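Novice: Protein chains in written order, with the working numbering: chain X, 1 to 744; chain U, 745 to 1488.
Worth flagging that the hints you see were computed from the coordinates, not collected in a lab.
Since the model is a prediction, treat every value here as computed from it, not as a measurement.
Hints may contain errors.
Okay, derived cross-link-like pairs now, EDC-like style, lysine to aspartate or glutamate, Cα gap no bigger than 20 angstroms in a straight line [stated by the list, open to error]:
| # | chain 1 | residue 1 | chain 2 | residue 2 |
| --- | --- | --- | --- | --- |
| 1 | U | K1198 | U | D1277 |
| 2 | U | K1233 | U | E1218 |
| 3 | X | K602 | U | D1323 |
| 4 | U | K1346 | X | E668 |
| 5 | U | K1346 | X | E365 |
| 6 | U | K1309 | U | D1277 |
| 7 | U | K978 | U | D1011 |
| 8 | X | K667 | X | D697 |
| 9 | X | K399 | X | E365 |
| 10 | X | K685 | X | D533 |
| 11 | X | K602 | U | E1428 |
| 12 | U | K1309 | U | D1397 |
| 13 | X | K602 | U | E1329 |
| 14 | X | K565 | X | E585 |
| 15 | X | K602 | U | E922 |
| 16 | U | K1004 | U | D1086 |
| 17 | U | K1004 | U | E1070 |
| 18 | X | K602 | U | E1412 |
| 19 | U | K1429 | U | D1277 |
| 20 | U | K1221 | U | E1269 |
| 21 | U | K1411 | U | E1218 |
| 22 | X | K734 | X | D697 |
| 23 | X | K565 | X | D653 |
| 24 | X | K640 | X | E684 |
| 25 | U | K1346 | X | D342 |
| 26 | U | K1346 | X | D533 |
| 27 | U | K1346 | X | E488 |
| 28 | X | K734 | X | D711 |
| 29 | X | K269 | X | D533 |
| 30 | U | K1384 | U | E1428 |
Protein chains: 2
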Amino acid sequence: MPRHHKIRRAVEHSSLISLPSHALPTPMAMEAARLSPSLAAAAFFARRRPTNSPLLCRRIPLLRPLASASASGGDGRAVALSSSELRKRRGLSSSGAAESASGGDEKLRALRSLFALPDVSIDAYIVPSQDAHQSEFIAECFMRRAFLTGFTGSAGTAVVTKINAALWTDGRYFLQAEKELSHEWTLMRSGNHGVPTTSEWLNDVLPSGCRVGIDPFLFSFDAAEELKDAISSKNHELVLVRGMNLVDEVWGNARPKPPKAPTRVHDIKYAGIDVPSKLSFVRSHLTENGCDAVVISMLDEVAWLLNMRGSDVPHSPVFYSYLTVEVSTATLFVDSSKVSEDVLEHLQKAGVKLKPYEAIVSEVERLAEKGAKLWLDSSSVNAAIVSAFRSSCDRYMNKKGKAGRKIERKEASSDDLTTRGAGVQNGALHAVYKVSPVTLAKSVKNEAEIEGMKNSHLRDAAALAEFWCWLEEEVCKSVLLTEVQVAEKLLEFRQKQDGFIETSFDTISGYGTNGAIIHYRPTPESCSSVGSDNLFLLDSGAQYIDGTTDITRTVHFGEPSPRQKECFTRVLQGHIALDQAVFPERTPGFVLDVLARSSLWKIGLDYRHGTGHGVGAALNVHEGPQSISYRYGNLTALQKGMIVSNEPGYYEDNSFGIRIENLLLVKEVNLANSFGGISYLGFEKLTFVPIQSNLIDSSLLSPSEINWVNDYHQQVWEKVSPLLSGRSRDWLWKNTRPLFDNSP
Amino acid sequence: MPRHHKIRRAVEHSSLISLPSHALPTPMAMEAARLSPSLAAAAFFARRRPTNSPLLCRRIPLLRPLASASASGGDGRAVALSSSELRKRRGLSSSGAAESASGGDEKLRALRSLFALPDVSIDAYIVPSQDAHQSEFIAECFMRRAFLTGFTGSAGTAVVTKINAALWTDGRYFLQAEKELSHEWTLMRSGNHGVPTTSEWLNDVLPSGCRVGIDPFLFSFDAAEELKDAISSKNHELVLVRGMNLVDEVWGNARPKPPKAPTRVHDIKYAGIDVPSKLSFVRSHLTENGCDAVVISMLDEVAWLLNMRGSDVPHSPVFYSYLTVEVSTATLFVDSSKVSEDVLEHLQKAGVKLKPYEAIVSEVERLAEKGAKLWLDSSSVNAAIVSAFRSSCDRYMNKKGKAGRKIERKEASSDDLTTRGAGVQNGALHAVYKVSPVTLAKSVKNEAEIEGMKNSHLRDAAALAEFWCWLEEEVCKSVLLTEVQVAEKLLEFRQKQDGFIETSFDTISGYGTNGAIIHYRPTPESCSSVGSDNLFLLDSGAQYIDGTTDITRTVHFGEPSPRQKECFTRVLQGHIALDQAVFPERTPGFVLDVLARSSLWKIGLDYRHGTGHGVGAALNVHEGPQSISYRYGNLTALQKGMIVSNEPGYYEDNSFGIRIENLLLVKEVNLANSFGGISYLGFEKLTFVPIQSNLIDSSLLSPSEINWVNDYHQQVWEKVSPLLSGRSRDWLWKNTRPLFDNSP
């Protein structure tokens, strides 16, 4: 599945790229490039896609919806539900045109009444979709935008002024938002011609010199800074509203509790490297960079570093927390009720102390006061933490009389975001703004992680073989199964596998025309049945105890048209070309993207998403810093041990969709030559599920491409058949027979 | 032949790219990226090549030496000669270790004595290889660095302080420079570990606060600004020494006269678009950008815009000149003795006035004084012109009292390079700094230019067929021919073709191990004979009245080794893959580079130069803005009508070299689909010369690759055989027979 949320910066200095206007046809991409490196990278997935993202709607998923259209499972976690069910269960019923007269007004009225509070005093408030950690999947209690607006789609930003209320979302959600928003809300269709960004809109609707409020926990420092710049052209001031989230105030007691799911130790046999070693690694980076401490705020980074897992959000085995690592100590900021004795012992062994989740702000203030130099990844660490650190540094320096600033400077100036980076120049105190030291380390898998990924992929392949065997039989028997029922059955097959935990994202189960919607997600009310007249695209994945999977197959249970076969074969040729690539070390992923596309280009076809994203080992299904995309903003080199998806596709509007996705491990290849005295890298497949032969027009394939298919299927048979029996084993046998070889 | 000099900026805002340290292994590349977009692009050709270019040695040719190792042909032009002959004829005899005691000292002493002149007063002087127009090939009178140092290689920068004298050059010239430099010169081996850049060295050897002089005509404004910044860290001041070039003062009467070669009208049947139309185009851009005038200083841009050609320098049909285009007038700054009645009439018809070459400075001062807003491409327009314009603007504004600056401000401050760009903010007056409006227009060829290119390529192909037929016969008869003799004979065959003017660059004629030296240029004293035991690489080109050619073929007159065949076939596969590429409009060339490399990468091989450069139509053999390179700094999209070379290679040190080069025209391809509603582009071959079959291991080729070779050879036969007769026609027949086709 193509990665769709933001890609984080890989290497300091590596991603600042000004793109030419001709290469940035969408305002979203242009804005993103201007905003921050990581956003520029994310925007690359959107080229030629008609989105016009508002400033704050930047983390729009480009292939798969986020998890917000889901409901509480009782423990604060969200489970897959239809949006109507969701609204019912969640008290989001203010939404919907019919209900607008009653509830919608109330929430807006309540929110606006808070604007006038003495310590708030704002003219507008921005409510993004984010949590405090830039997470792809978020807990229900953080779905403030959905609560406030009634719009339950995954991507959107709400902006409320004293008079206006507007919601930005992208093309996937226009219809849904129209249904769900009350008449008091203006729907801003991002990507449509002439639709302003949130900041453009604010500059337009507010009189000059207004105060625009945000919850600083919900914006990365970089994003807040960019917002501040954008609205400063109308002399608006960005106000970091501290101490309370205004939507939470409105939500009141009805707001779901923060998730309390227990954490667990991620066994060393899967993690491969123990926590003390990982902490040592981070500390060596601290020393190299002259830093005393680092704040880790990305949830998967905390989980990876501490060999812990949780289940606070759907699809990702993470838990809400922050981590600070100092030269001799480390502190985990987490709700202690999530930490069992086992976990506590595990942490104590590694010298990791516990503090409450909320104590992170006072901790950075403490670090500032003791004069520590802090490593902050300002593309991920939120503005609340960074500005708290800066304010404390200022206070500390003022107290010491070291800074040239006046003691009597206004408190407000400590929120001055434009002084960012000044600390670096000022020397010993303050912060170093640099990508987290964990980002790259996490992406390069160790032996144990690789083994876990391989093992879990084989079990996943067995589940998929059983599933496809079952589905083929059902469709042949003309049993009417909906896209949702099919996805649920797949879940059942996966649940039978050892170590299965949950799906790694919401299954994209798209039959026929639905398959052409790259971001399609079936709902029980509206989905199609899977038949034998068209293509069926299934993109799914799982979290296992030892690994994370992500696979797409496209099949036809009847007779595919020559057009479908031609398109499928072209996609397959791209998949094969990337799979077989060999490249020198230090090659960024985007260099290889053309290999996956050129077979489609030859007949004037293309696809509007990237070709590959990073995948975590028993962690997030989407992780950075590497990617394989047609945009050139992500200069991270592919490295031995990284995992990427290989998922070219083709989508014919109102007709069908095709995607073929395997996960690949980057490995060193041993060749007869080694020009330049460097390593040459290639890929090893992790995914072993048949590619449907009746969709392949083998007359289009070269002998070596035919060999690739036959070799792959032989490997699939050898690796997966021992895990199968009966009909599914027969199915695997039938579906791994060699193609007719047309070479001489 | 791979482009080796700087690539100019393509699109404003398009090329500023910060590269990650891991992607910039050479200090040269890193420095270049830091310096300017165009340099960043140029540096990309140098990846993994061990060069450590000093700040001012930036335009190091990466594939073919420049023309400086040549001598006057009497008219101020240079013709190919060995460096020893050259020294004899040119009075460069101070060079060479044996001669150092006498002459070398004298020149340095004379130069240093000028440092103390009242209106000079400098502590160091930098002498680059450039002329005032960023030309690839320069006239003899501008070869100041060669005169001063005795080092006649094409690339190098000399820096002289009151005590020290150092010369920077790259690996191609270490041996030559050691021989040619006197003992007073320190050879700085760029690319060797620990060798500083010129500015680092100046910062090291000079006490703080010195004055470093340059001739501002020999530095682009951007380069001068960067130099100024680099030396400011030691508080050195960059002094633009006006009114005289200090080396010219030392050279005195012995200095060759500036070239006086007559110019000619480039016939409209070759130029395609008349001068008034081209001027209108430029003027529409002026209006769009709110400018009143533009200064064109690149010689090929002047020649293209005015449909004129000249022969002031070898290999390029250009003439020393500047051009200013205003909304209602245009002025050519050129030595009037070069302008015949015909040419004058041609210019008058287009409303172009003449002024002396030297009057360009007073002209920009005049424009400044009348308050004109000037379009300046500061990556190509020299610092003398830009700073003269700025000084005049300042004087004008001071006089008018419009600027907030004090009237009594020091004259020196008008040279303040750091104020660059301020004019843009200040509004109506001053300049817009933007890539020349001619750059892109010139690169997109019109119908007439394309026809001229096609026709000249066929005549060139006929000459090459005659040549290869002759050479094969001679080698088979065991006639001993040197690489230089072979190149001379090739020239003879070309000279017989209609419309031949001259070679478009110095022929690279490399047998055996010499072929592995990418920048090889044979000299009569030292070159090898061409035999039948190894590969022979021949990269050559010609200027014709109607077009410019550039072609490389590699042959073996005996029995190539399996290794040679394997490598040749891999290079050919890359050549074919690029030739056959189809890609969406707006695709930058670098996206396609991997197609030419991936067949080599598969066996751990690579080549250390770009894959393609732009080519002028009856103009410079190397032109921008497009390129096809493995570095990602040049984001210029390939456009219909552009011409690029396709020249992958492989070089095995001390063994052999392989390169296969055709020129390609970018064209629109008509496909059954047009995903995204955009155009898809592909290539049409311009070059029609056989590729030697006995070097192809056809077992490595796919059926479609074999078809490509056979189709190509069939086209070669059909297009070129009508121009041949006798033995060369027979040779062409034999060398265009189909490969054994191993498809079914």
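Novice: Would you mind confirming whether the straight-line C-alpha gap from K1346(U) to E488(X) stays at or under 20 angstroms?
Specialist: violated (42 angstroms)
Novice: Would the hint linking K1384(U) and E1428(U) be met if the CA-CA limit is 20 angstroms?
Specialist: Distance of about 11 angstroms is within 20 angstroms: holds.
Novice: Measure nothing beyond the straight line between the CA atoms of K1346(U) and E365(X); if it is 20 angstroms or shorter, mark the hint as holding.
Specialist: Measuring from Cα to Cα gives roughly 54 angstroms; hence the hint is violated.
Novice: Compare the distance between the alpha carbons of K978(U) and D1011(U) with 20 angstroms, and conclude whether the hinted pair is satisfied.
Specialist: violated (54 angstroms)
Novice: Next pair to validate is K1411(U) with E1218(U); report whether the Cα-Cα distance is within 20 angstroms.
Specialist: Status violated; Cα separation ~40 angstroms.
Novice: Measure nothing beyond the straight line between the CA atoms of K1233(U) and E1218(U); if it is 20 angstroms or shorter, mark the hint as holding.
Specialist: holds (12 angstroms)
Novice: Are the Cα positions of K399(X) and E365(X) separated by 20 angstroms at most?
Specialist: The given pair, whose Cα atoms are some 14 angstroms apart, holds under the 20 angstroms limit.
Novice: For a C-alpha distance cap of 20 angstroms, please report whether K565(X) and D653(X) respect it.
Specialist: holds (16 angstroms)
Novice: Under the criterion that the straight-line Cα-Cα distance not exceed 20 angstroms, is the pair K1429(U), D1277(U) satisfied?
Specialist: violated (31 angstroms)
Novice: For the pair supplied as a hint, K1221(U) and E1269(U), confirm whether the alpha-carbon distance does not exceed 20 angstroms.
Specialist: violated (24 angstroms)
Novice: Would the pair K685(X) and D533(X) pass a check requiring their Cα atoms to be no farther apart than 20 angstroms?
Specialist: violated (31 angstroms)
Novice: Would the hint linking K1004(U) and E1070(U) be met if the CA-CA limit is 20 angstroms?
Specialist: Given that 20 angstroms is the threshold and the Cα spacing comes to 27 angstroms, the pair is violated.
In terms of the numbered hints stated before, the structure departs from hints 1, 5, 7, 8, 10, 14, 15, 17, 19, 20, 21, 25, 26, 27 and 29, listed from lowest to highest.
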